[in-house]
Amino acid sequence: MADTVETRPVLVAEGITASIDDQPLVVPTDITVSAGECVALTGPNGSGKTTLLRLLAGRLVPSGGTVLLDDEPVDERSTHVRSALSVLIGVPALYPDLTLGDHVQLVHATWGSVGETDLERFGVGALRDRFVHELSSGQQQLFSLALVFARPSRVLVLDEPEQRLDADRKDLFAVAVEEALADGRSVVMACHDHDLVARLARRQVSL
Amino acid sequence: MTAPDRLLREIRTRPRAADRATDLYIVVLSVLVFVLPLARWGTQQVAPATQWSPPWWTAAIAAMLVAIGAAAAGRTRGPVAVSAPYVEWVVAGSAPLARRLRPSWWRSLLVTMAAVLFVTVVAVVSRSTWPDPVGAVTVSAVALGSGVLLSVVWLSGQARRWRNAAVLVLLSAGTGLAWTGAWRSLDGDPAWWSLLVVPVAVGTAVVVPRALSAIRPSRLRTQAIRWSRIEVFATTADLASAAAVLRAPTRLGRHWRPAFAAPPFVRRDLIGLVRAPGRTATGLGAAAAAGSLIPIAQNAVTPLIALISVAAAYVGVCFLSDGLRFHAFDRERPSAFGVGPGAAALQHLVVPTALLTLVMGSAAVLGGSPHVAIALALLVVACRALSVFKGHMPLELLTPVMTPVGEMSSAGRLIWLADAVLVALLVGGTTVSQASGWDAVAILVVAAGLVAVWARSRWRQ
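Going line by line, the protein sequences match chains A and B.
Going by the UniProt record's numbering, the residue at position 2 of the first sequence is 2; the numbering climbs one at a time, nothing skipped.
Going by the UniProt record's numbering, the residue at position 424 of the second sequence is 424; the numbering climbs one at a time, nothing skipped.
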């Protein structure tokens with residue numbers, strides 16, 4: 001993994017913070033994510049990991065500081081930003097009347113890309129013809145990860161990707177991240193699993 | 001049509017279990033049973049108003065107020081209304097935002113234009129005289145132009161481009177003037193200048209691409225999820241929860257530590273009102289409007305004014321009785337409070353009763369009917385209690401009821417859902433419009449007492 005890491009920063013956050021009125025949600029934080037690098041955000045519940053990810057993804061306007069993607073401010077309305085960032089924060093919105101296979105097909109139609117093994121990579125290939133409400137919570141998490149990894153992107157922003165996964169499925173996720181890093185994609189993830197952090201993250205930001 | 005939209009359409013054309021004929025049947029039946037009678041009744045009520053020729057500034061102010069309302073509505077639900085999964089997986093794609101969102105915008109634009117045209121046609125045909133053909137065309141063109149302008153203001157509100165919205169609101173004043181001229185042309189007095197609304201409205205569409213590009217996808221997703229939740233609550237007849245979804249989260253007064261002598265739940269309600277000034281002002285405003293309409297309603301030839309007054313009073317009490325609603329909603333859960341649930345419910349009734357009687361009574365003083373207003377306030381508060389104490393909808397109401405004219409279980413659900421409002425409107429509206437003085441007071445107070453007994457029996461259940 002270390003061999004593939006480039007030093008060129010892709011996503012740079014300086015002194016970003018968020019607050020509601022006088023109530024701070026995140027303390028001012030600096031983060032730099034380079035191409036092919038995985039950065040893990042760690043900290044106790046309520047420390048602001050998810051809020052920080054939302055700031056990095058441009059889904060929340062920071063109260064202070066800046067977030068730059070390729071030296072441009074991150075704004076979710078920008079085509080460049082939407083093309084670069086693949087984000088999984090919370091439960092993604094899914095169509096109740098589409099099967100898993102339909103969703104994957106839709107994602108590829110959106111991007112004009114092709115992918116045959118997106119579901120198999122996360123062990124849910126056999127569920128291709130199921131609807132979303134026919135999945136267990138763990139299967140739904142694997143499916144969400146499959147969609148987020150299926151679309152082209154340069155930076156993956158993931159909030160607790162390990163939640164509801166058993167040890168084998170966590171391994172599938174780790175392999176997918178390692179492949180993404182090897183392709184030069186970057187990963188920023190909030191994670192409570194110390195083993196995953198130790199295996200994947202080149203750097204760790206503690207909140 | 002782009003590739004994802006084409007794919008979604010292909011997927012949706014697959015055979016499915018739902019019977020489309022049933023859906024069509026429900027729509028047709030709803031139109032025949034509810035929409036047409038209401039439209040006919042409404043047309044008869046507004047007929048006198050259509051003969052009224054207001055001064056130009058009245059129409060200008062009304063048009064501006066409608067435009068301001070449209071811009072404000074854009075914050076909650078804009079003309080670009082796509083589903084949350086569509087935002088997640090299609091809007092998030094690499095195509096420019098304006099291109100992705102354009103189809104949804106076109107749909108809303110056409111629906112808005114059709115709605116404005118429909119209302120205009122209803123108003124025109126309710127006139128006592130047949131309209132001049134040239135005038136009818138002029139009014140239709142102005143209606144369509146107003147629909148376009150209204151949609152663009154609505155979109156500007158959704159994109160939070162407030163400078164654009166302000167300019168468009170000012171332009172809307174011009175449409176008000178055009179309406180005045182166009183309306184007079186129905187009597188054969190042509191006002192060609194009114195047609196200027198059309199090119200002006202079409203010209204405002206130049207801001208649409210920029211506005212579409214300025215909409216944040218995360219806000220679209222939030223709006224989609226919010227309205228999906230409202231739909232679920234409304235389907236299960238939980239209108240209070242549906243309305244609560246639209247409420248802004250409380251942010252004011254977090255450091256406020258009030259200390260004043262009052263029973264604990266009365267104090268809670270007062271604190272809640274102060275921390276939600278918008279809701280409180282709306283509730284008090286509605287109560288004041290209701291009170292000021294009562295003297296007018298008692299002398300009006302149509303019961304419409306009385307019904308509007310009662311409806312405004314009911315809206316007012318809904319906004320001022322949050323504590324009562326929260327308490328009724330949570331009554332089945334274990335409580336940590338040292339006051340019994342019945343005593344707590346009575347305490348929660350104090351603030352809305354006091355405020356409604358005070359505001360409605362004061363507002364009705366000028367017309368000389370404060371006693372009627374206070375009695376109506378008591379009835380409305382009792383009806384509100386009846387509504388919040390009803391609990392969850394009984395499952396038996398979901399059982400199909402087959403009749404020779406079709407399946408009628410929805411009528412039972414509708415009556416269960418709206419019983420308190422219907423009682424307030426029927427008893428309150430009839431009494432205010434048909435009785436006067438202390439006769440009206442006596443009827444309203446007795447009715448309030450009976451409804452209170454009914455509400456108490458619901459609470460005990």
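These are calculated hints, taken from the structure and not from any lab test.
In this text, all values refer to a predicted model and were calculated from it rather than measured experimentally.
Wrong hints could be hidden among the right ones.
[Unchecked claim] Only part of the chain B face toward chain A is listed, based on derived beta-carbon distances under 10 Å:
#, residue
1, Pro4
2, Val90
3, Trp227
4, Ala244
5, Val245
[To be verified] Negatives, chain B to chain A, calculated, CB over 12 Å:
#, residue
6, Met64
7, Gly69
8, Leu212
9, Pro217
10, Ala259
11, Pro341
12, His392
[Stated by the list, open to error] To give a feel for the contact side, a few chain B residues facing chain A, derived at Cβ under 8 Å:
#, residue
13, Thr13
14, Val82
15, Pro85
16, Phe118
17, Arg221
18, Arg247
19, Ala248
20, Thr250
Glycine included, every Cβ here is placed at the ideal spot set by N, Cα and C.
Q. Once the closest CB in chain A is found, is it more than 12 Å from Pro341 of chain B?
A. holds, 33 Å
Q: Hold the hint about Ala244 of chain B up to the distance rule: shortest CB distance to chain A must be less than 10 Å.
A: At 20 Å from the nearest chain A Cβ, Ala244 of chain B fails the 10 Å test, so the hint is violated.
Q) Taking the least C-beta to C-beta distance, is Ala248 of chain B closer than 8 Å to chain A? A) Since chain A brings no Cβ nearer than about 12 Å to Ala248 of chain B, farther than 8 Å, the hint is violated.
Q.
Does Phe118 of chain B hold up as a contact with chain A if the rule is Cβ-Cβ below 8 Å?
A. violated, 31 Å
(Q) The hint names Val245 of chain B as touching chain A; please verify it with the least Cβ-Cβ distance against 10 Å. (A) Status violated, d = 16 Å.
(Q) Verify this label for me: Met64 of chain B is non-interface relative to chain A, using a Cβ-Cβ cutoff of 12 Å. (A) Met64 of chain B is indeed farther than 12 Å from all Cβ atoms of chain A, at 30 Å.
Q | Interface hint status, Trp227 of chain B versus chain A (Cβ within 10 Å) | A | violated, 12 Å
Q | Interface hint outcome for Thr250 of chain B [beta carbon to chain A under 8 Å] | A | violated, 11 Å
Q: Find the nearest Cβ of chain A to the Cβ of Ala259 of chain B and say whether that gap is larger than 12 Å.
A: holds, 22 Å
(Q) So, as I understand it, the hint says Arg247 of chain B touches chain A; can you test that by seeing if any CB pair is closer than 8 Å? (A) This interface hint is violated because 16 Å lies over the 8 Å limit.
Q: For the hint on Val82 of chain B, just tell me whether its beta-carbon gets within less than 8 Å of chain A.
A: violated, 10 Å
**Q.** Interface hint outcome for Thr13 of chain B [beta carbon to chain A under 8 Å]
**A.** violated, 12 Å
Comparing the model with each earlier hint shows violations of hints 3, 4, 5, 8, 9, 13, 14, 16, 18, 19 and 20; every other hint is respected.
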